[in-house]
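J.: Chain residues, written in single-letter form:
2 protein chains.
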Amino acid sequence: MKESRTPRAAKSLFPRLGMIAGTSLMALVLPATALAQAEEKPDANPVQIDADGTVHVPAMSVPVSSFLTDEAKKYLTQHLHNMQDRESGTLPENGVPFVMKPYMVSAKAMFPLVREEVTIAGVAGISYTPTQGIKPENRNRILLNLHGGGFGGCYPGCAELESMPIASLGGYKVITIDYRQAPEHRFPAASEDVASVYRELLKTYKPADIGIYGCSAGGMLVGMAMAWFDKEGLPMPGAAGIFCAGMTLEKKFPGFGGDAHYMTAAVGEANPPVEPPPPLGKGPPPLQYLENVDVKDPLAAPANSPELLAKFPPTLFITGTRAFELSSAVYSHGQMVKAGAEADLHVWDGLFHGFLNNPAVPESQDAYKVIVDFFDKKLGK
Amino acid sequence: MKESRTPRAAKSLFPRLGMIAGTSLMALVLPATALAQAEEKPDANPVQIDADGTVHVPAMSVPVSSFLTDEAKKYLTQHLHNMQDRESGTLPENGVPFVMKPYMVSAKAMFPLVREEVTIAGVAGISYTPTQGIKPENRNRILLNLHGGGFGGCYPGCAELESMPIASLGGYKVITIDYRQAPEHRFPAASEDVASVYRELLKTYKPADIGIYGCSAGGMLVGMAMAWFDKEGLPMPGAAGIFCAGMTLEKKFPGFGGDAHYMTAAVGEANPPVEPPPPLGKGPPPLQYLENVDVKDPLAAPANSPELLAKFPPTLFITGTRAFELSSAVYSHGQMVKAGAEADLHVWDGLFHGFLNNPAVPESQDAYKVIVDFFDKKLGK
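These protein sequence lines map, in sequence, to chains W and R. Following the UniProt record's numbering, the numbering of the first sequence begins with 1 at its first residue and continues without gaps. Following the UniProt record's numbering, the numbering of the second sequence begins with 1 at its first residue and continues without gaps.
Warning: the hint list may mix true and false statements.
Since the list can't tell identical chains apart, any single copy or any two copies may satisfy a pair.
As the list claims (entries may be wrong) - DSS-like, lysine-lysine: derived pairs with alpha carbons at most 30 Å apart:
(1) Lys73 with Lys296
(2) Lys101 with Lys231
(3) Lys206 with Lys73
(4) Lys311 with Lys377
(5) Lys74 with Lys338
(6) Lys135 with Lys108
(7) Lys74 with Lys381
(8) Lys231 with Lys135
(9) Lys338 with Lys377
(10) Lys377 with Lys206
(11) Lys108 with Lys377
(12) Lys135 with Lys251
(13) Lys108 with Lys74
(14) Lys74 with Lys377
(15) Lys231 with Lys378
(16) Lys369 with Lys338
(17) Lys73 with Lys381
(18) Lys231 with Lys377
(19) Lys73 with Lys231
(20) Lys311 with Lys381
(21) Lys378 with Lys73
Calculated directly from the structure, the hints in this document are not laboratory data. Nothing here was measured: the structure is a model prediction, and the numbers come from that model.
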């Protein structure tokens, strides 16, 4: 491409963008040091672009999204405060992190369910069925939930919060399982456990009638498990849901890759942005469960294999613009589409990683409806 | 929700997020002043959260997305430099902004087409048909493109760049029109022009066989025009594409609302982030074409009316994580889904407003395929 520079042309395309950058506004937007620099050289832009495209972004203040409901604005604010207070931590109690206890109270009040402890193929789990009964059209169907928790905890907390709304609102039987995690276990122990449970479910259910979904590590594990099914010669399930996650891994530093690793740290989790990226081996360690994994291995990061993605069933992605998996989710969705698979992406503006764990928020309820409608439509009739 | 604070629990959910915020990394990530503050008070987080949820984000450096192709990395870098140089502007030449000239060269080389000047219902336009002929299955179909340019220019530049790839790769006849814009005209002049042309097309084509799409202002105009069709009692077209845009407007300051207004300014357009938002009336003016519009009027911002959205045909949204319309696009998509309409969202990580104007980039080509496949599938058979 030619080195063509054309500010006025650029302004004419979207006039106000040019104006936002105008000096009249600079006094409002810049920290004192950047402003001093800008004043020395009137045309200096406090945003600097390196030759390799790296953008140096000045400090900024970002309000809650104008698109959020009042409940979600409060929820986001509380979440950011929760993530920032590192002084008086409380360990999870009975597998339910303290921060999630109010969500659990809401879930138990909102979703009347019959809860049963189960063991399938030697793997412990919980079965949820609606108190009013499984919907007639779902009698031959089942959903398998793979819970979040960074492959190192949050059972049964996350497992219950992810299963209850879908079982209740969808009229489904949902099974959630306590797959093996770190610190005791490593990849691919969880994939093996999911495959064992799935193999057992296939004795009762047609593959097209089985849906599989999860959030966060559980969302990643959905992709990993389907890659494992393929390797084992098992048929694909009828539909899949990858929530709060994607199907990529990054080696250089922890994260799923892409823009979101930088852009959502502060606004999604109240963490300082990581910049510049730490050199290899100097950053924080990756997830313990994945510590020896080749990040390009399709069994761990299926987005690396178009051939594999082409075999995946219709897959629903749910993420948010403040979620650190945003880039991985939208990229994985795009790679599935490019590979010829069916994939459906839904992004909530202003919300963060795992937002849908709190059922008291309208945006979470909207997400549950998207999930239920998806499985209703895509699973076998 | 309870005021519950639980750092350790939060860490256990996704251990590395806690570690990213750890002090060992702070020396790498913080500007000197923030670091000094952090050292004074060892636990101080340079990210500050206000009581209303506003996040104060320290300066950061964001590299190009790891998910981009090499071509797109170069494209983004060049785009950021183009947007930043405000000294030696060049006005559009014959309606083609200087920055887009290389894209036009690529488009003319890549897409063999028959180009004809047309006038439909008194509105000037250009018709494109593939040199090798319209695909047999598209003989009874037509696509209407509404070009970008901030409702104030970029005809025929944007019009041609948006029409050529779809006509050529899809085997479609594409008409693009020179609808009325600012500075001479105001809302709803463009909607009226689109309706006049559409009414004329309906004499030859069934509504289900007509697709309508656009990028940037043209994407906004797709929503506005369909709202206008509804008001006029015209049938909906078979399918719609809202690219580089959404269906919302914001009053407080220019923009489409949501997170993207803040988060993408620097990394998408090399503009300083707008913060704090200017008080009412003190920010830069809104788009001239829309200056007297009620931002909640569904004829201008259809996302405000679920009843209207429910009548819309299947609609494709295309955006990027560095695009200032990101929030508006994902929110509008979500509102359509919530209203019971059919909508399909595709987001390119690391790319900016209107990225698909450059046909030489693989990501643009992937987007064209998504567009063509969508119209192939959704238009009448």
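J.: Compare the structure with each hint and give your call.
T.: Status of the hints after comparison with the structure:
{"no.": "1", "hint": "Lys73 with Lys296", "verdict": "between (37 Å within a copy, 20 Å between copies)"}
{"no.": "2", "hint": "Lys101 with Lys231", "verdict": "neither (38 Å within a copy, 49 Å between copies)"}
{"no.": "3", "hint": "Lys206 with Lys73", "verdict": "neither (42 Å within a copy, 45 Å between copies)"}
{"no.": "4", "hint": "Lys311 with Lys377", "verdict": "both (19 Å within a copy, 21 Å between copies)"}
{"no.": "5", "hint": "Lys74 with Lys338", "verdict": "between (38 Å within a copy, 22 Å between copies)"}
{"no.": "6", "hint": "Lys135 with Lys108", "verdict": "within (20 Å within a copy, 56 Å between copies)"}
{"no.": "7", "hint": "Lys74 with Lys381", "verdict": "neither (41 Å within a copy, 48 Å between copies)"}
{"no.": "8", "hint": "Lys231 with Lys135", "verdict": "neither (34 Å within a copy, 40 Å between copies)"}
{"no.": "9", "hint": "Lys338 with Lys377", "verdict": "both (22 Å within a copy, 16 Å between copies)"}
{"no.": "10", "hint": "Lys377 with Lys206", "verdict": "both (16 Å within a copy, 29 Å between copies)"}
{"no.": "11", "hint": "Lys108 with Lys377", "verdict": "within (27 Å within a copy, 42 Å between copies)"}
{"no.": "12", "hint": "Lys135 with Lys251", "verdict": "neither (44 Å within a copy, 45 Å between copies)"}
{"no.": "13", "hint": "Lys108 with Lys74", "verdict": "within (21 Å within a copy, 52 Å between copies)"}
{"no.": "14", "hint": "Lys74 with Lys377", "verdict": "neither (33 Å within a copy, 41 Å between copies)"}
{"no.": "15", "hint": "Lys231 with Lys378", "verdict": "within (23 Å within a copy, 35 Å between copies)"}
{"no.": "16", "hint": "Lys369 with Lys338", "verdict": "both (27 Å within a copy, 9 Å between copies)"}
{"no.": "17", "hint": "Lys73 with Lys381", "verdict": "neither (39 Å within a copy, 45 Å between copies)"}
{"no.": "18", "hint": "Lys231 with Lys377", "verdict": "within (27 Å within a copy, 32 Å between copies)"}
{"no.": "19", "hint": "Lys73 with Lys231", "verdict": "neither (44 Å within a copy, 34 Å between copies)"}
{"no.": "20", "hint": "Lys311 with Lys381", "verdict": "both (20 Å within a copy, 28 Å between copies)"}
{"no.": "21", "hint": "Lys378 with Lys73", "verdict": "neither (33 Å within a copy, 36 Å between copies)"}
When held up to the earlier numbered hints, the structure conflicts with 2, 3, 7, 8, 12, 14, 17, 19, 21 and fits the remainder.
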